[in-house]
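Colleague: Model the placement of chain B on the given structure of chain A, informed by the hints.
Line by line, the protein sequences are chains A and B.
Under our numbering, the residue at position 148 of the first sequence is numbered 148, and the numbers go up by one with no gaps.
Under our numbering, the residue at position 260 of the second sequence is numbered 260, and the numbers go up by one with no gaps.
Read the hints as simulated data drawn from the structure, not as lab findings.
Just so we're clear, the structure is a prediction, and the values are computed from it rather than from any experiment.
Incorrect hints may appear among the rest.
[As the list claims (entries may be wrong)] With a straight-line Cα cutoff of 25 angstroms, these simulated DSS-like cross-link-like pairs (lysine-lysine) come out:
hint	chain 1	residue 1	chain 2	residue 2
1	A	Lys158	A	Lys39
2	A	Lys56	B	Lys57
3	A	Lys104	B	Lys290
4	A	Lys153	B	Lys287
5	A	Lys136	A	Lys85
6	A	Lys136	A	Lys147
7	B	Lys290	A	Lys56
8	B	Lys290	A	Lys63
9	B	Lys224	A	Lys147
10	A	Lys153	B	Lys290
11	A	Lys151	B	Lys245
12	B	Lys57	A	Lys158
13	B	Lys57	B	Lys224
14	B	Lys152	B	Lys224
15	A	Lys95	A	Lys39
16	B	Lys152	A	Lys39
17	A	Lys151	B	Lys152
18	A	Lys39	A	Lys151
19	A	Lys158	B	Lys224
20	B	Lys152	A	Lys147
21	B	Lys290	A	Lys151
22	A	Lys153	B	Lys152
23	B	Lys152	A	Lys158
24	A	Lys95	B	Lys245
25	A	Lys136	B	Lys57
26	B	Lys245	A	Lys153
27	B	Lys287	A	Lys136
28	A	Lys121	A	Lys136
29	A	Lys95	B	Lys57
30	B	Lys224	A	Lys104
31	B	Lys245	B	Lys287
32	A	Lys151	B	Lys287
33	A	Lys63	A	Lys103
34	A	Lys85	A	Lys95
35	A	Lys153	B	Lys57
36	B	Lys290	A	Lys95
37	A	Lys136	A	Lys39
38	A	Lys153	A	Lys136
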Amino acid sequence: MNAATRMFMVLSLATLFTLAAGIPLYAQNDQAFITYRQKVMSSNGDNMAAIGEIMKSSLPMGKNIVTHAANIEQTMLLAASAFEKNISAGATDSKPEIWADWKKFVSLAEAAADKASTLSKVAMSGDMAAVGPAVKALGGACGDCHKEFRKPKEESYKNK
Amino acid sequence: MRLFACLLLFALFASVSALAEGDATRGEYLYRAAGGCGCHTDRAGGGAELAGGRAMKTPFGTFYSTNITADAETGIGRWSDEDFIAAMTRGVAPHGRHLFPVFPYPSFAGMTRADLLDLKAYLFAQPAVRQPNRPHEVWPPFGWRWPLPVWKWLNLPLSVPTLPPARRDDPLVARGSYLVNALGHCAECHTPRNLMGGLRNGLFLAGSSDGPEGELAPNITPHKPTGLGGWSARDITWLLESGFKPDGDDVQGLMAESIEHGYGHLTLQDRDAIAAYLGTIPAVDRKVSKSSKNKGRK
Numbered sequence: 001m002n003a004a005t006r007m008f009m010v011l012s013l014a015t016l017f018t019l020a021a022g023i024p025l026y027a028q029n030d031q032a033f034i035t036y037r038q039k040v041m042s043s044n045g046d047n048m049a050a051i052g053e054i055m056k057s058s059l060p061m062g063k064n065i066v067t068h069a070a071n072i073e074q075t076m077l078l079a080a081s082a083f084e085k086n087i088s089a090g091a092t093d094s095k096p097e098i099w100a101d102w103k104k105f106v107s108l109a110e111a112a113a114d115k116a117s118t119l120s121k122v123a124m125s126g127d128m129a130a131v132g133p134a135v136k137a138l139g140g141a142c143g144d145c146h147k148e149f150r151k152p153k154e155e156s157y158k159n160k
Numbered sequence: 001m002r003l004f005a006c007l008l009l010f011a012l013f014a015s016v017s018a019l020a021e022g023d024a025t026r027g028e029y030l031y032r033a034a035g036g037c038g039c040h041t042d043r044a045g046g047g048a049e050l051a052g053g054r055a056m057k058t059p060f061g062t063f064y065s066t067n068i069t070a071d072a073e074t075g076i077g078r079w080s081d082e083d084f085i086a087a088m089t090r091g092v093a094p095h096g097r098h099l100f101p102v103f104p105y106p107s108f109a110g111m112t113r114a115d116l117l118d119l120k121a122y123l124f125a126q127p128a129v130r131q132p133n134r135p136h137e138v139w140p141p142f143g144w145r146w147p148l149p150v151w152k153w154l155n156l157p158l159s160v161p162t163l164p165p166a167r168r169d170d171p172l173v174a175r176g177s178y179l180v181n182a183l184g185h186c187a188e189c190h191t192p193r194n195l196m197g198g199l200r201n202g203l204f205l206a207g208s209s210d211g212p213e214g215e216l217a218p219n220i221t222p223h224k225p226t227g228l229g230g231w232s233a234r235d236i237t238w239l240l241e242s243g244f245k246p247d248g249d250d251v252q253g254l255m256a257e258s259i260e261h262g263y264g265h266l267t268l269q270d271r272d273a274i275a276a277y278l279g280t281i282p283a284v285d286r287k288v289s290k291s292s293k294n295k296g297r298k
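Chain A extracted, bound-state conformation (with noise of 0.2 angstroms):
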């Protein structure tokens, strides 16, 4: 074995060595990516199950419906951003149909940053007849897109 053989092995060896330590730094930053927007879309949930106490225990705290609607809102219009790449394999209930439809996710993501934005604006009105209607228009909103694009419950990554 010659001297130019010995180091064409070398070279291909530490070639081979990087690329497979790189392999789960690439995964790790796709599950940074996937993680992140879970927490982006949980803010959500978390803000309506506090929308739903107040409203199903009529707490004294209509008027906090608007920062919990105009959160929603301000969470929904990141929704492009925090969505952008393109990863649907993993624990990930995103479906490939996101990226597949780009333009339309965007929208369905905009129609519900309007409904939060309706709601808060209903809230701020005080006037909580119509704050029932309003919550039902933004769950429709939610459930638009969910159903596009979410994986269903039978193939979610929390039920494997």
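Modeller: Only chain B this time, still in chain A's reference frame:
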């Protein structure tokens, strides 16, 4: 005197006719309480309301829902009141044809005659749509109609748990029982089925991994870790109104549709009644997942 008698007869005739025809306005509320009859509308395919054609995937094959608009040729427009009641309570269509129990007549059998007639009046007040029914794609023996009387003999009437003694006289619980077991037909999706498609009554409302359209129907008994035991009655009432669970996530699939077109339109009192009744049924320890077939204990 003769004029008075005529007026009396006319009033009597009018009231009897009204009774026979049902009240479409009341019928709309009952339609909502039945979950909006969403199985009869192919929403994903852009189908007309109540015109059928929706594919219902089950472990026995694919059933296609039927046209229940008042179209005389392809719907139920020629059905008399008695035809409608026979179909809803005994699963028998005109001319004696037995209906597959994917249509939840075991539950609807608990509806009162007055409610059935009001529901029919509402359905007949909706636009008639001409759309022929699509043949089911179900493998034998589940696609055969002739064994259905035997199936009915084995599985009817719907068996529901007896109420705890302390709640037997509670009118709210009684109303909830009627809404859950008859109108809302909750057991049809939330109770698992045996190999013959009958409901496994020992696991009443304990969830099914083989719900319609392949969906998981969760355990809604008051069992704490696996059912609704950690939920308050208000949580249930709010879910039925808004579609949101206590954690702020929204329900999916058929339940989301049933809330949007049905249960979400119920009065607060009726939603409270449903929550009150669900709190009385036996808690069953059963986590529903795609691999939960035949598991569960009280």
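Colleague: CA of Lys57/B to CA of Lys158/A, is that 25 angstroms or under?
Modeller: holds, 23 angstroms
Colleague: Can the restraint linking Lys151/A and Lys152/B be considered satisfied, given a maximum Cα separation of 25 angstroms?
Modeller: Measuring from Cα to Cα gives roughly 37 angstroms; hence the hint is violated.
Colleague: Does Lys290/B pair with Lys56/A here, judged by a C-alpha cut-off of 25 angstroms?
Modeller: Distance of about 32 angstroms is beyond 25 angstroms: violated.
Colleague: Between Lys287/B and Lys136/A, does the CA-CA distance stay at or below 25 angstroms?
Modeller: This hinted pair is violated, its Cα atoms lying about 29 angstroms apart.
Colleague: Compare the distance between the alpha carbons of Lys290/B and Lys95/A with 25 angstroms, and conclude whether the hinted pair is satisfied.
Modeller: Given pair Lys290/B, Lys95/A holds - Cα atoms ~19 angstroms apart, limit 25 angstroms.
Colleague: Take the C-alpha atoms of Lys245/B and Lys287/B, compute the straight-line distance between them, and say whether it is at most 25 angstroms.
Modeller: Judged against 25 angstroms, a Cα distance of about 17 angstroms means the pair holds.
Colleague: Does Lys103/A sit within 25 angstroms of Lys63/A, going by the straight-line distance between their CA atoms?
Modeller: violated, 34 angstroms
Colleague: Taken at face value, is the distance from the CA of Lys287/B to the CA of Lys151/A at most 25 angstroms?
Modeller: holds, 20 angstroms
Colleague: For the pair supplied as a hint, Lys57/B and Lys224/B, confirm whether the alpha-carbon distance does not exceed 25 angstroms.
Modeller: violated, 30 angstroms
Colleague: Verify the proposed pairing of Lys152/B with Lys39/A, using a straight-line Cα cut of 25 angstroms.
Modeller: violated, 50 angstroms
Colleague: Taken at face value, is the distance from the CA of Lys57/B to the CA of Lys95/A at most 25 angstroms?
Modeller: Given that 25 angstroms is the threshold and the Cα spacing comes to 22 angstroms, the pair holds.
Colleague: Run the distance test for Lys151/A versus Lys245/B: straight-line Cα separation, threshold 25 angstroms.
Modeller: It holds: about 18 angstroms lies between the C-alpha atoms, which stays within 25 angstroms.
In terms of the numbered hints stated before, the structure departs from hints 2, 3, 5, 7, 8, 9, 13, 14, 16, 17, 20, 22, 23, 25, 27, 30, 33, listed from lowest to highest.
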